[in-house]
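Undergrad: As a plain string of letters, each chain reads:
2 protein chains.
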Amino acid sequence: MPNILRREDIAFLLYDFLDLEELSRLPHFADADRSVYDAILDSVEKIAEERYQPHAQKLDANEPEFDGERVYIIPEVKEALDAFVEAGLMGASFDADQGGLQLPYLLQTAISAWFSAANWGTSGYTGLTVAAGNLLAEHASDAQKERYLRPMIEGRYFGTMALSEPHAGSSVGDIRTRAEPRDDGSYRLFGNKMWISGADHEMSENIINLVLAKIPGGPPGVRGISLFIVPRYLVNEDGSRGDRNDVRLAGLNHKMGCRGTVNCVLNFGDRDGAVGYLVGAPNCGLQYMFSMMNEMRIGVGLSAAALAATGYLHALDYAKDRTQGRRLADRDPQTPMVPIIEHADVKRMLLQQKAYAEGAMALCFYAARLADEKRAGDPTAQEKATALLDILTPIVKSWPSEFGLRANEIAIQVFGGAGYTRDYPVERFYRDNRLNHIHEGTRGIQGLDLLGRKVPMNGGAPLRALVSEMQATVHAARAVPAFADMAEGLEAAINRATETTLSMGSKAEQLGQEAYLANATIYLDMLGHVVVAWIWLRQALVAHEKRAGGADDALCVGKIMACRYFFRYELPAIEAQCALLADMDTTCLDTAAEAL
Amino acid sequence: MPNILRREDIAFLLYDFLDLEELSRLPHFADADRSVYDAILDSVEKIAEERYQPHAQKLDANEPEFDGERVYIIPEVKEALDAFVEAGLMGASFDADQGGLQLPYLLQTAISAWFSAANWGTSGYTGLTVAAGNLLAEHASDAQKERYLRPMIEGRYFGTMALSEPHAGSSVGDIRTRAEPRDDGSYRLFGNKMWISGADHEMSENIINLVLAKIPGGPPGVRGISLFIVPRYLVNEDGSRGDRNDVRLAGLNHKMGCRGTVNCVLNFGDRDGAVGYLVGAPNCGLQYMFSMMNEMRIGVGLSAAALAATGYLHALDYAKDRTQGRRLADRDPQTPMVPIIEHADVKRMLLQQKAYAEGAMALCFYAARLADEKRAGDPTAQEKATALLDILTPIVKSWPSEFGLRANEIAIQVFGGAGYTRDYPVERFYRDNRLNHIHEGTRGIQGLDLLGRKVPMNGGAPLRALVSEMQATVHAARAVPAFADMAEGLEAAINRATETTLSMGSKAEQLGQEAYLANATIYLDMLGHVVVAWIWLRQALVAHEKRAGGADDALCVGKIMACRYFFRYELPAIEAQCALLADMDTTCLDTAAEAL
Chain R
1 MPNILRREDI AFLLYDFLDL EELSRLPHFA DADRSVYDAI LDSVEKIAEE
51 RYQPHAQKLD ANEPEFDGER VYIIPEVKEA LDAFVEAGLM GASFDADQGG
101 LQLPYLLQTA ISAWFSAANW GTSGYTGLTV AAGNLLAEHA SDAQKERYLR
151 PMIEGRYFGT MALSEPHAGS SVGDIRTRAE PRDDGSYRLF GNKMWISGAD
201 HEMSENIINL VLAKIPGGPP GVRGISLFIV PRYLVNEDGS RGDRNDVRLA
251 GLNHKMGCRG TVNCVLNFGD RDGAVGYLVG APNCGLQYMF SMMNEMRIGV
301 GLSAAALAAT GYLHALDYAK DRTQGRRLAD RDPQTPMVPI IEHADVKRML
351 LQQKAYAEGA MALCFYAARL ADEKRAGDPT AQEKATALLD ILTPIVKSWP
401 SEFGLRANEI AIQVFGGAGY TRDYPVERFY RDNRLNHIHE GTRGIQGLDL
451 LGRKVPMNGG APLRALVSEM QATVHAARAV PAFADMAEGL EAAINRATET
501 TLSMGSKAEQ LGQEAYLANA TIYLDMLGHV VVAWIWLRQA LVAHEKRAGG
551 ADDALCVGKI MACRYFFRYE LPAIEAQCAL LADMDTTCLD TAAEAL
Chain A
1 MPNILRREDI AFLLYDFLDL EELSRLPHFA DADRSVYDAI LDSVEKIAEE
51 RYQPHAQKLD ANEPEFDGER VYIIPEVKEA LDAFVEAGLM GASFDADQGG
101 LQLPYLLQTA ISAWFSAANW GTSGYTGLTV AAGNLLAEHA SDAQKERYLR
151 PMIEGRYFGT MALSEPHAGS SVGDIRTRAE PRDDGSYRLF GNKMWISGAD
201 HEMSENIINL VLAKIPGGPP GVRGISLFIV PRYLVNEDGS RGDRNDVRLA
251 GLNHKMGCRG TVNCVLNFGD RDGAVGYLVG APNCGLQYMF SMMNEMRIGV
301 GLSAAALAAT GYLHALDYAK DRTQGRRLAD RDPQTPMVPI IEHADVKRML
351 LQQKAYAEGA MALCFYAARL ADEKRAGDPT AQEKATALLD ILTPIVKSWP
401 SEFGLRANEI AIQVFGGAGY TRDYPVERFY RDNRLNHIHE GTRGIQGLDL
451 LGRKVPMNGG APLRALVSEM QATVHAARAV PAFADMAEGL EAAINRATET
501 TLSMGSKAEQ LGQEAYLANA TIYLDMLGHV VVAWIWLRQA LVAHEKRAGG
551 ADDALCVGKI MACRYFFRYE LPAIEAQCAL LADMDTTCLD TAAEAL
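Residue numbers (full-length UniProt numbering), protein chains in the order written: chain R, 1 to 596; chain A, 1 to 596.
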């Protein structure tokens with residue numbers, strides 16, 4: 001059993017939970033239908049199983065190496081990426097006039113989930129290329145798109161996003177890389193970048209680095225940052241590969257997990273300056289970068305969810321197969337041992353993983369559908385999707401990172417000692433997933449974004465939009481007698497979260513911004529739990545309806561039980577968090593550094 | 001800064017919190033005093049810094065290798081172990097008449113913590129030898145002690161504990177290794193053992209494996225298990241090393257962490273049988289093994305706590321040094337960046353780690369003191385210590401494993417991307433610590449032990465003894481006005497835990513044992529949180545008194561703030577757990593395997 005993901009779970013999300021077929025009737029997506037989607041998913045499943053998963057362990061044990069001249073990566077990675085490109089998947093979500101397939105981002109999300117689960121290290125290269133491509137599609141000039149984006153969509157060029165510097169990771173306004181204008185309209189870049197994934201290897205004809213830098217004389221801080229295309233090789237007028245640009249690999253980072261995705265320290269302008277081309281207007285770089293941040297952060301949450309989901313399937317399989325001990329009622333040591341799935345605590349660990357992994361996955365898919373509506377829906381749908389994405393994005397990035405990691409931790413526990421060895425992949429998933437709370441904005445930054453920016457935004461409109469959606473689900477669940485307790489539970493949780501938010505807002509004026517934000521991370525967890533409870537109840541309602549229709553009973557019962565688990569075992573945790581938050585507790589803030 | 005552990009924290013635990021000097025007035029320990037202890041700790045600190053810590057990263061990157069003939073381990077490990085032995089530390093807690101120093105186990109615990117924090121992989125070899133030695137000291141014959149235990153205490157022989165088999169890890173009653181009696185009173189063992197740490201290497205003259213096996217014809221299950229000494233090399237009458245015994249290394253396990261401690265699959269009796277010597281009476285092996293289980297499980301908790309504590313110190317140091325961003329009130333991007341410790345969320349992450357790491361460490365040290373009282377106290381003290389250890393041992397094993405790991409996870413987060421690289425040790429601590437929920441009885445087994453065995457034991461006497469101790473602390477805290485809220489909080493938590501336990505007990509008759517134990521792991525977490533809140537309040541009371549005396553203000557304030565953090569941010573989580581437990585929720589039990 002490959003145990004990458006379960007196709008029926010993905011189909012449930014796409015077609016039952018999120019009605020991809022309805023989405024595909026929007027004019028923007030009208031060229032494809034379910035038969036096309038299913039054929040693509042067939043191909044994805046096959047490539048993931050045959051080309052991605054088989055070398056995942058080898059890649060982890062043989063991470064990219066740099067000998068001072070070039071980077072060596074095991075050849076299976078390029079073979080897998082070639083298969084991805086040949087299947088046309090690099091262009092899945094790009095517009096047709098740019099050479100893409102113009103498919104919904106929701107479908108792209110299912111594709112990404114599959115490859116992340118099969119081999120996260122290898123999937124990094126295409127994920128980064130798509131993210132960089134999205135940025136160019138949105139903000140580059142037509143000539144730039146023709147020269148750089150089209151070969152990316154064709155899979156000949158790969159892309160990177162180069163924001164961080166050794167002294168400035170989270171504090172992007174403090175970057176020092178400078179871009180000096182030249183008379184021909186190009187720039188020369190000088191500086192160092194850190195943590196740049198996919199920035200040096202020999203697997204693509206070129207690498208297009210999207211680099212944040214400061215043009216001398218611009219405003220200080222985040223308002224003086226511009227975005228540049230800095231290719232590894234210059235591109236000639238006719239599109240052929242030109243000279244090597246003055247961007248050099250200074251060294252590789254050696255990580256705990258996600259080892260297959262090469263992670264680089266880059267020097268720009270060691271010689272006469274790295275040639276760069278300004279994207280859009282000067283000093284708008286951060287704004288451009290952030291225009292794609294929703295999708296990038298959904299992507300992080302999705303990776304976390306995918307790693308959790310595949311870990312869960314591996315643990316489930318092991319628990320059905322491995323025998324150990326007997327049921328509690330059976331005191332006779334001479335009866336055969338039972339599969340460990342029959343032990344109550346193992347079942348609890350499996351249901352907990354399922355609730356986390358499938359809850360996280362559903363949340364990310366839901367956000368991807370919102371991104372489609374924001375892009376291609378009618379104006380009312382766009383407005384609503386924008387508001388929902390505003391408030392949900394920090395949660396979509398963080399909740400799967402937190403609870404997906406927990407799921408991977410539990411998967412190891414189901415395997416016992418075996419799970420702690422490198423003979424099984426669950427320890428690798430755990431190491432891989434630890435990254436997701438760090439990159440693309442740390443957990444702490446997501447908390448500040450949620451409570452400091454998104455909650456007060458537009459007089460609270462995004463949060464109101466979310467509450468209204470959640471209340472609609474409460475209403476729908478009330479109509480199902482078996483779900484009445486969960487309808488009540490969700491309503492109480494929504495009210496508690498809303499009261500807490502209001503109480504914090506009103507105290508903030510008196511106590512100040514620092515006290516208001518002191519427990520922002522806990523607010524992020526709390527609201528995340530309410531949101532995932534809601535996502536579970538929506539899924540359970542769909543499962544209930546499907547069940548009434550007679551199909552897929554085990555799948556539907558599983559969704560409903562995972563939902564019940566979440567409401568019984570997880571959601572009640574918010575009460576203690578809300579009490580702390582409403583008190584505006586400043587114990588941490590009040591502790592002097594020297595007392596730590 | 002080595003940042004292994006802080007000597008002042010250890011001194012606070014030993015002398016202020018647990019009054020080692022009072023303990024040392026017991027006749028059994030009367031040969032030593034504080035000056036002796038401090039000299040030993042000086043030596044421990046020096047060896048840990050100079051011999052253990054420097055090769056920890058190298059050992060992790062170069063784990064033991066087996067070429068089919070012998071095991072290769074980097075030479076620094078043996079050099080470190082030699083220094084440990086030369087300092088006489090192998091015999092620290094053994095009785096003088098066996099060649100030991102007869103020091104309190106509490107001091108031994110401080111020593112172990114230091115080496116575990118400095119280099120857990122290397123410290124494994126001596127930890128296992130001491131554990132095996134304790135078992136021999138308790139149950140072996142005088143001749144066996146002279147032949148096997150004395151050279152262990154001298155550091156010439158190392159020891160192992162060989163319980164698990166490939167098909168039976170947790171289910172020890174199902175082991176198949178058989179021991180056939182021979183006319184000379186010895187046995188020949190045939191079978192396979194798995195997960196045996198330290199069982200093959202060239203760093204000691206001999207390795208004494210303590211092996212569980214079944215004598216043919218004995219009772220089935222756990223009542224038919226006997227304990228054998230199976231040395232790697234037979235020992236001649238004169239104590240010199242004889243022939244190689246028929247115990248062979250079949251292979252090594254390759255782990256996610258704790259890579260320095262070689263972990264073996266062993267074959268016994270591939271040729272004519274491995275020579276073994278029965279310890280004590282036949283069929284009493286598991287009982288003997290369990291007589292040492294308290295200390296072994298304290299040792300696991302202690303390792304988890306030590307890894308958490310050293311991770312915390314590394315994170316604290318980094319947070320004071322690394323600059324990034326500005327205070328929230330400072331909107332001017334041209335002011336200098338501040339050390340990240342000034343950010344509220346970083347402070348929260350540090351205080352959370354401190355509360356977990358130092359709470360876990362204090363709990364383990366407290367349990368070690370109980371072990372001393374059980375061994376050497378007067379009959380009343382012995383009885384009380386026995387009861388307290390009965391109820392606390394599963395918590396001492398599990399709580400640090402759970403929350404120590406969480407602390408290591410947060411330490412990585414404080415470092416950000418840097419923490420995810422192998423350039424810093426925090427990712428190693430995290431990988432190492434993941435083991436502690438698995439070995440010496442998994443988390444699930446600790447939950448069953450606590451709720452299924454220890455809570456009902458002797459009509460509830462152990463739990464009553466614990467409650468009575470905790471109430472004494474409530475009483476003491478009430479006398480300190482600044483602690484009144486915490487006294488109240490602990491009392492409420494004790495009452496809630498007690499009511500929940502009673503309610504579960506009364507429902508168990510009706511609902512059955514399987515429902516009673518279905519959420520045993522959650523009960524373990526819940527009672528663990530109450531216990532650690534109590535341990536923190538006891539520490540805070542001591543710190544309060546010390547502060548009144550004028551000394552060590554930063555240390556004392558830190559303990560009090562960590563205690564406050566625990567009461568505000570952590571303890572309230574038990575309410576939701578108690579509600580679930582009291583309901584005897586069976587959602588997990590009710591979920592069919594095919595719906596997962």
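FYI, nobody ran anything at the bench for these hints, they're computed from the structure.
Glycine residues also receive a C-beta, built at the ideal position from the N, C-alpha and C atoms.
Check before you lean on any hint, since a few could be wrong.
In silico DMTMM-like links for lysine to aspartate or glutamate, alpha-carbon gap of 20 Å or less [unchecked claim]:
#	chain 1	residue 1	chain 2	residue 2
1	R	K320	A	E594
2	R	K58	A	E65
3	A	K58	R	E594
4	A	K320	R	E63
5	A	K546	R	E63
6	R	K546	A	E594
Not close to chain A: a few residues of chain R, all C-beta gaps over 12 Å, as computed [what the hints assert, rightly or not]:
#	residue
7	A39
8	A87
9	R406
10	E409
11	V426
12	A593
Undergrad: Next, verify each hint and record whether it holds.
TA: Now for the hints, and whether the structure bears them out:
With a C-alpha separation of about 10 Å, the suggested pair K320(R) and E594(A) falls inside the 20 Å cut-off, and the hint holds. For the hint linking K58(R) to E65(A), the alpha-carbon distance of about 18 Å falls within 20 Å, and the restraint holds. Under the criterion of a C-alpha separation no larger than 20 Å, the hint pairing K58(A) with E594(R) is inconsistent with the structure, at around 32 Å. Pair hint K320(A) plus E63(R) does not hold up; C-alpha atoms about 32 Å apart against a cutoff of 20 Å.
Only pairs whose Cα atoms come within 20 Å are accepted, and K546(A) paired with E63(R) is rejected, the gap being roughly 52 Å. For a cut-off of 20 Å, the pair hint linking K546(R) to E594(A) stands: about 17 Å separates their Cα positions. Remark: the non-interface label on A39(R) is consistent with the geometry, its nearest Cβ contact in chain A lying 29 Å away (cut-off 12 Å). Against the 12 Å criterion, A87(R) stays outside the reach of chain A, whose nearest CB is about 31 Å from its own CB.
Look at R406(R): its CB is around 10 Å from the nearest CB on chain A, not clear of 12 Å, so calling it non-interface is violated. The non-interface label for E409(R) is inconsistent with chain A: the shortest C-beta to C-beta separation is roughly 7 Å, within 12 Å. A beta-carbon of chain A is positioned within 12 Å of the beta-carbon of V426(R); the least distance is around 9 Å. For A593(R), the condition that its CB be more than 12 Å from all CB atoms of chain A is violated, with the nearest at approximately 5 Å.
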